[in-house]
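Colleague: Each chain, written out:
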Amino acid sequence: MKKKLLKYYILAAAALLVTGSCNKDLEPYNGKSDKTALETPEDLQTATYGTYSGLVDRMYTKNLNQLGEYPGDDVALSGATGDQVFYTYTYTHFPGMGNTEQFWQGAYKVIYSANAIIERITDGTSPQLDQLKGENLYLRAMAHFDLVRIFGRPYPQGSGDNPGVVIKDNTKDDRPSRSSVKDVYAFVIADLEHAAALMTESKNAAFASKEVAEALLARVYLYMEDNANALLYANKVINSNRYHLVETQPYKTYFRVIPEENPETIFAIRHTLADDRGKDAIGSMYYNDPVTQSTGWGEVYASLAYVKLLDQYPQDVRHSFVEPQRDANGNMLMRNQTPIYYINKYNWQEGVANLSSPVILRLAEMYLTRAEASDKLGNAQAAIDDVNLIRRRAGLSGTALYTVADLKGRASVLDVVLEERRLELAFEAHRPYDLYRNNRPMVRAYPGFHGTNQFDQTIQPTDPQVINFIPEREIGLNTNLTQNP
Amino acid sequence: MKKGPLSGPSTKRRRLYNYAGLILLLLLLGSKKSIANVAPVQDTLIPVSGLVTDEKGDPFPGVTVYVPSLKTGTATDADGRYQVKAPAKGSLIFKAVGFGTQELPVNGRSKITVKMEAENADLNEVVVTGYTSKRLSQVSSSVAVVSGKQLNDVTSNNVASLLQGKVAGVVVQNASGNPSVAANVTIRGSSSITAGSGPLYVVDGIVGGTANPNDIASVTILKDAAAAGLYGARASNGVIIITTKSGQAGKTQISFNSSVGFNKMSMGNMKLMNSQQLYDYQKSYFAPADFARDRPASLLSQNTNWMDLAYHTGLTQNHLLSVSGGSEKTQFYVSGNYYKEEGIIRHTSNEVYNLRANITHRINEKLKLTTRINAASRNFENEASGNYGALVLSKLNLPWDNPYNADGSIKMGTEEGWIGREHDNFLHGWQFNYDKGKQLTTAADVNLDYYITPHLTFSTYNRVSYSNLRSELYYDVRSKAGRGLGELYNNSSYESRLITSNRLSYQRSFGEHALSAIAVAEGEKNYFENNSLYGNKIPAGLHIMDAAANIQQSPFGPGSKSENRFTKGLVQVDYTYREKYNLIGAYINEASSRFGANHRSAGFYTLGASWILSSEPFMKDQRFIDQLKIRASYGITGNAEIGDYQSLGIYAYTSQYASNPGSVPSVLQNPDLTWEKSKTTNIGLDIALLKRISLTVDVYDKTTSALLLDVPVPYTSGYDYITRNVGSVRNRGIEFNLNTQNINSGHFKWETSFNLSINRNKVLKLNNHEDIAYSSLQWISEGRDLYSWHMRKWAGVDAKNGDPLWEVVSTDANGKQTISTTNSYDDATLQYAGTASPDFTGGINNRFSWKGITLSAFFNFVSGNQVYEENTNDGSEPTSNSRVLPKNYTRWQKEGDIATDPKAVYGGNKNSDLESSRFLQDGSYLRLRNVMLSYDVPENFLRRIKVNNARVFISGDNLWTLTGFSGMDPEMGLRPYAQPVGESGNNFQQNSTKYPLSKKVLFGINVTF
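Taken in order, these protein sequences are the chains called A and B.
Using my numbering, the first residue of the first sequence is number 1, and each one after it goes up by one.
Using my numbering, the first residue of the second sequence is number 1, and each one after it goes up by one.
The hints are simulated quantities; they were obtained by calculation from the structure and are not laboratory data.
Some clues are possibly wrong.
No more than 25 angstroms apart at the CA atoms, straight line, and that leaves these computed lysine-lysine pairs for DSS-like [stated by the list, open to error]:
1) B:K111 - B:K71
2) B:K436 - A:K279
3) B:K89 - B:K115
4) B:K111 - B:K366
5) A:K236 - A:K376
6) B:K436 - B:K537
7) B:K561 - A:K35
8) B:K537 - A:K279
9) B:K436 - B:K340
10) B:K56 - B:K111
11) A:K252 - A:K308
12) B:K561 - A:K32
13) A:K279 - B:K411
14) B:K800 - B:K887
15) B:K329 - B:K111
16) B:K115 - B:K85
17) B:K691 - B:K851
18) A:K32 - B:K525
Now the in silico label distances, taken between C-beta atoms and shown as ranges [said to hold, decoys possible]:
19) B:R784 - A:N170: 28 to 38 angstroms
20) A:P314 - B:Q893: 44 to 54 angstroms
21) A:P156 - B:T829: 27 to 37 angstroms
Examples of chain B residues toward chain A, derived with CB under 7 angstroms [to be verified]:
22) T414
23) Q552
24) K561
25) G649
26) A652
27) S659
28) P714
29) E877
Heads up, the beta-carbon is just placed ideally off N, CA and C, and yes, glycines get one too.
Given these sequences and hints, build the entire structure.
Modeller: Okay, structure coming up:
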């Protein structure tokens, strides 16, 4: 009997052993608990790379370009497309658009990553941590600025007194409402100034540093018509002597060069070979390798209006960024009624068709910002000097240059400056913002798939669709948000 | 084992329950001793054992074996075996409800084999309820049994798809006609969205896995809590128990089954435009000058049918050879199966080789060893012509574009003059590209039953299973998808599963009382890993990573690992009085690594009772009712089917910037995350009449609380969603199962089986009573069906100008709502617009036989659900093909037209083809799922050629469907399109891209030697 009892005991014990084996937290193999992920300076550095990686995500990079360029007059969509950029290009927005939602999502992810790090670092702990905090402050500011450009009305309309976006400066899971455009700009400026004060390392152009924050400040002040500050910060960047315009010949391939080897680039979103987005890249819509015909969609071309502007001076090296496609007899190839002018600013980095590190800030913009601010402050000569500097680098000289006395038919110095800005910064997501913040209409008198009358579309700066709807998903999940009209 | 930081109270409680189970067992053991002591000694007691079978000779579990002189007894085990001690000169009584009682003298024999005679066959099937086996008549809960034969009428290699329409309350959706994609099963409505809503599979007594349909002896579906409850923690969505075949002692049987047939595409009600139709349609909305320039009449000389190019008639074949038999001590079943199905889209196929060996050996009277080994090798191919694929392109490509050059070579689609939007010709990609995979799956069970005493058995069930999958996607440098580089993706994954289940069971009867109890301890560990590699710059035709000049991490993630664990302890007690009153109760405690530290383990319990009225004296004298039983059960079950690691706050180390490793927040911590629990009440009635009718009716109420949901959160929070317990959902319903023998006269027989289920789903409570904006088309709201559509409501077409109209709901200061219409999509109001849940579903099978000829026809039906499918474009995509307007649809042409579809406008008519209730359609259908004609060759002829039996048949699947749905197949959208917002990407093609179901005709032969 004893033996039998022992047997039962063993069985019961085995049963208990099996049931007692599940009581610990299993941690994922590719992650760490958030309690231990931000402890050391090394952890914070790794997490800061994580914040930058949010920019590389196509949700941010691709949509930043498309939402900032496709509503413009430098590009022409050549036909119907299954991609929702169709609605962006044609100004037929609706609240459930995928691309605006993705950008909103990507931007707030970057902001959240940055906030988690900013909350961890007290100013002055060490130069290394100050630098990291500064970089995160810069990224947070940049994301807010891009959001307010896309979803909030241009600052000069009502002096910023329109609904902007949600200011998110914490890691709480809450239901915030929209701040005014003015308040968002103020928040962005405060972050950038704080960032500039904290950062002391001159990291390469793939990363933020003091001058990167200052360059963005110059743009922000220009957008809000604070011309004195725009001039001040553009000068700070130019006079830092960290950057210089590349020469005319190398400029032809400027956009293929990686940011850390590019002396003109102030800040670019570095894409490595591992970040090749293939057909999902920015360059895929603008370009399709003429040899293999298989690298991109190639559906959005340089507009005939832009090409005509460029063709005023055949020697302008900025022709290098536009590739007309012709048949064997030299006739322009067309898709539907749109001539095919491929844009190549987002191709062929490190020899890969759709690989590029999109340039966010470069020195040429600082000169043009200074030109615009100078003119608006009444210094026409300084404005013309900066414009001519950019034109000379583009290979133009002599009669191709302007003087205050000879604006070559342009109505004003501001027209000259804005035309040069258009020529120089084309396809880099500037044009619609530059027109609307100057209270000018968008006139699209060229072939493309815009509107029912394909060759004539004008959008006034007061048009509701100059900006985008707040994503319908967000309104559904956060009733404190209001929709744009 | 290492303890987690917050394991205190729950662990203690769990331990307590385990001790309680142990004490119960000890009590049971003790009682045996006391009974033995009071037995009068009038004769020498000798051990008697033996086998009880039903009239077919199959082992009969759960038969009461009673020793009248001792007022004691036992019951047969799962193998129909029993052991008792009885007086050598006494007798044994064998009884089971629905069967005659037999009293046999012992006469000093130590082995007594008994064959029971059935009174009504239907209610006396053996039900394998997981940890125990019972006759259906003894079961107190809602279960359904499908025999291997009923299961395998339709030809498929997937168990779920074979269950469609056969059981009340079980809804099966073939989400894809792709032969390598499995069907979805929903039992009694969905009570969960995020957490898996599929049932738990149990194969041969062990949780998890699946089996080759050809090897299945029976499938039991446990629907209510009392039945499924023993799988408590993961049984919330029902349990499907699969039992594979086993051998019988006696002559060795060799059986050969073979079928071969064809699969054809069915377009349903969908029609694409041909060259002329598209030409005429576009002419109606192009500006005349543009049309003359862009659409010359010369286009009409080409009329490419892209559907014909994409689809073909596929071949399906299924061959099974099995050998079974054995001796008194050892029985075996060994089978080999080859299955191959070519999909209706070219270059899609699924091919499976499956081997199984089930062997049972009685080591001695006390020990039984069972081993089961199943190994399967699968090869599958998916269509991989390029970025879009033939499924999509066959609908988008224009009939005007010629796939071939003048010299007969295949165009890429980028040639000058090609009009279609995607500039892609899948025929071109097919020349070089492929997407192939192979999978090896092995499972081995070793089970040992130890009959410690006639009443007490210890069993240990153990399984090791693993699966290896390797897939290759290759885009040749010559193809468009190859991007001028040549690309290769290699992916390999490994999955392993270890499970041990240890059981003590006790069975005994005392006079009129019968008691059985079981205690189980179980542990399970699941592990998954995968590795992906991407390479490019590969010379043409070399599809091997060695040849790639540039090898990178795959865009789909370079590699991952994941693991989870479950442990479980349970005790169940089952009591029967006078074979009429059954009571059953169980307590289950389960823990999972998936849940938060505060709620890792959870307790579940079940209670059931049934009363067999027909065994009462007052029912004895009537001839009308053969059997009548009422059942009631109540219990709590759980659901843990969420991703691993959802309760911890996690930084993911899966990103990089400028070649530096980065970390990003990926999961917000939720230590309170806990089991989803369902409380189910079930009341049922089983009735058998006139020896030819049996009816089962069940009414149930299942209320699920702590509903697990990936709740979308505002992106401003930094996350896309958080897995939370959000509220409660109720499913209520009624189910009918009716089997009748309509005619049974001599050679002619006609049998009908019919099932119908009606389920109503309602969200009872949500956190803070707030609606959850779950996706762009579906919201979750208190008081509504869990699958409620939510979108802009279509208000038809403005007869004046052909504009699209939507509803605007405005509410004034007094809360009064007024409805007006607008032609601005942006101004239209988002509102609820029907549900995706059907009003009722079911199936009916009629079977006629005359001599050896049998004809059966099986229909299934679904009614009252709304399916979302975008079925038209109003001029927004002039470079894509359009559908011909379905029957009863009209397009606006001129002022005053009352039309369903707006005026077609070049470039689109005011966003008319964006998401709205315009594309919600009634998804009801009635389908002839299978029709089969078979002939059994007469036995007297077969005997001469030494064949036991032989059958030839012809069978057709999905040959006919009645539906008003305008697309290819309403079934494709039965489960709603419920992709959380934010994961949809930029492409807004939705349900139009599902792989259609095919029609099949098969010829087959079954021979047994």
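Colleague: Against each hint, give a clear statement of whether it holds in the structure.
Modeller: Checked hints:
Proposed proximity of B:K111 and B:K71 is supported: the alpha carbons are some 20 angstroms apart, at most 25 angstroms. A threshold of 25 angstroms between alpha carbons decides the hint, and for B:K436 with A:K279 the separation of about 23 angstroms falls inside it, so the pair holds. About 21 angstroms separates the Cα atoms of B:K89 and B:K115, which keeps this hinted pair within 25 angstroms; it holds. Distance restraint check for B:K111 and B:K366: the Cα-Cα separation of roughly 15 angstroms lies within the 25 angstroms cut-off, and the hinted pair is therefore satisfied.
The hinted pair formed by A:K236 and A:K376 meets the criterion: a straight-line CA distance of about 19 angstroms does not exceed 25 angstroms. Between the alpha carbons of B:K436 and B:K537 the distance comes to roughly 20 angstroms, so the proposed pair stays at or under 25 angstroms and holds. Between the alpha carbons of B:K561 and A:K35 the distance comes to roughly 21 angstroms, so the proposed pair stays at or under 25 angstroms and holds. The straight-line distance between the Cα atoms of B:K537 and A:K279 is roughly 16 angstroms, inside the 25 angstroms bound, and the hint therefore holds.
Under the criterion of a C-alpha separation no larger than 25 angstroms, the hint pairing B:K436 with B:K340 is consistent with the structure, at around 15 angstroms. Restraint check for B:K56 and B:K111: satisfied, since their Cα atoms lie roughly 20 angstroms apart, inside the 25 angstroms limit. With a CA separation close to 19 angstroms, the supplied pair A:K252 and A:K308 stays within the 25 angstroms bound. Straight-line distance between C-alpha atoms of B:K561 and A:K32 comes to about 14 angstroms, which keeps the hinted pair within the 25 angstroms bound.
Using a Cα cut-off of 25 angstroms, the hinted pair A:K279 and B:K411 holds, with the two alpha carbons roughly 21 angstroms apart. Distance hint between B:K800 and B:K887 is fulfilled; the C-alpha atoms sit about 23 angstroms from each other, no more than 25 angstroms. For the suggested pair B:K329 and B:K111, the alpha carbons sit about 14 angstroms apart, so the restraint of at most 25 angstroms is met. Distance restraint check for B:K115 and B:K85: the Cα-Cα separation of roughly 20 angstroms lies within the 25 angstroms cut-off, and the hinted pair is therefore satisfied.
Distance restraint check for B:K691 and B:K851: the Cα-Cα separation of roughly 22 angstroms lies within the 25 angstroms cut-off, and the hinted pair is therefore satisfied. Simply put, A:K32 and B:K525 have alpha-carbon atoms about 21 angstroms apart, close enough for the 25 angstroms limit, and the pair holds. Between B:R784 and A:N170 the CB atoms are about 34 angstroms apart, so this pair conforms to the stated range of 28 to 38 angstroms. For the hinted restraint 44 to 54 angstroms between A:P314 and B:Q893, the CB-CB distance of approximately 51 angstroms keeps it satisfied.
For the pair A:P156 and B:T829, the supplied restraint of 27 to 37 angstroms holds, since their beta-carbon distance comes to about 33 angstroms. The closest approach between the C-beta of B:T414 and any C-beta of chain A is roughly 4 angstroms, which is under the 7 angstroms cut-off, so the hint is satisfied. The beta carbon of B:Q552 is positioned within 7 angstroms of a beta carbon in chain A (closest approach about 5 angstroms), and the interface hint is therefore held. Restraint check, B:K561 versus chain A: the minimum CB separation of about 4 angstroms is within 7 angstroms; hint holds.
Contact between B:G649 and chain A, as hinted, is supported at the beta carbon level, the nearest pair being about 4 angstroms apart and thus within 7 angstroms. Proximity of B:A652 to chain A holds as hinted, the smallest CB-CB distance being about 5 angstroms (cut-off 7 angstroms). A least Cβ separation of about 5 angstroms between B:S659 and chain A falls short of the 7 angstroms threshold, and the interface hint therefore holds. This hint holds: B:P714 has a C-beta 4 angstroms from the nearest C-beta of chain A, less than the 7 angstroms allowed.
For B:E877, the interface hint holds, since its Cβ comes within 7 angstroms of a Cβ in chain A; the closest pair sits about 5 angstroms apart.
Violated hints for the displayed structure: none, as all numbered hints are satisfied.
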